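With the hints as extra help, turn the sequences into a complete structure.
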Amino acid sequence: MSGHSKWSTIKHKKGALDAKKGKLFTKLSKEIIIAAKEGSDPEMNFRLRLAIQNAKDANMPSDNIERSIKKGSGEDSGSSNFEEITYEGYGPGGTAFIVQTLTDNKNRTAAEVRSCFSKNGGNLAESGSVSWNFETKGVIDTTVVTEKIDEISMAGIDAGAIDVDVEDSNVSFYTSYQGFESVRKSLESYEAVTIDRSEIELVPNTFADVEKATALKTMKLLEKLEDLDDIQKVFSNLNITTDLVNEFQET
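Residues 33 to 283 in my numbering are what the sequence shown spells out, letter by letter.
A portion of the hints provided could be inaccurate.
To be verified - With beta-carbon atoms standing in for the labels, derived distance ranges:
id: 1; residue 1: E116; residue 2: A90; range: 18 to 28 angstroms
id: 2; residue 1: D275; residue 2: T175; range: 15 to 25 angstroms
id: 3; residue 1: F239; residue 2: G106; range: 38 to 48 angstroms
Rather than coming from a laboratory, the hints here were simulated on the basis of the structure. Quick caveat, the model's predicted, so the values are computed rather than measured. Glycine residues also receive a C-beta, built at the ideal position from the N, C-alpha and C atoms.
Right, dumping it as structure tokens:
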């Protein structure tokens with residue numbers, strides 16, 4: 033598993049703890065709400081299907097899921113008016129950041145994001161400054177029974193995966209946006225596979241290599257941004273190695 037995927041999986045597992053405080057469920061609920069605005073039938077709405085799947089993977093109660101769908105579709109009188117806003121910026125060493133938010137107060141969110149960047153060695157940038165280097169892809173992180181890795185890797189490719197990254201028993205599959213569901217469905221059919229995380233992400237076409245001290249500062253900015261309530265996802269072109277992830281966890 034690449035450092036990027038390992039870091040994302042760590043965040044995912046950490047999210048299970050955040051759920052006790054309601055933080056993870058709040059983010060998942062907001063994603064369902066905004067997705068349901070495009071239609072309340074998950075069979076006809078890919079974004080909603082993915083949001084519901086992620087909520088179920090995090091053991092979010094079905095009542096919470098249904099309530100969020102109703103809020104988004106307008107069936108619930110207490111519907112929320114969330115707005116999607118994406119910010120671009122630079123971190124330490126010129127690393128590129130894309131920050132996706134869902135907010136009911138864009139002035140508050142803008143101030144919090146700007147403050148987080150400035151306090152952690154970065155700054156906001158104009159729209160389009162860094163997004164040109166990112167591409168929308170599906171990312172499916174799995175744990176595979178060791179003797180089945182070659183078989184499962186080929187099965188993922190046959191199902192439409194465009195790249196496979198293997199590290200020990202951790203196997204990450206990268207897909208096109210359109211091929212995401214077919215690859216995940218194929219992997220789910222194998223008993224030897226445990227799906228740890230599956231997301232549609234912005235993946236950089238080229239990565240930034242910076243010295244260790246700068247990389248650790250960049251990881252700190254990444255973590256601080258992710259902790260903000262209005263932040264849904266944060267993407268960076270920092271070359272996050274497994275060694276860097278391990279060292280950052282020790283700081």
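So, going through the hints one by one against the coordinates:
no.: 1; hint: E116 / A90: 18 to 28 angstroms; result: holds (21 angstroms)
no.: 2; hint: D275 / T175: 15 to 25 angstroms; result: holds (20 angstroms)
no.: 3; hint: F239 / G106: 38 to 48 angstroms; result: holds (42 angstroms)
Comparing the model with each numbered hint stated earlier shows that all of them hold.
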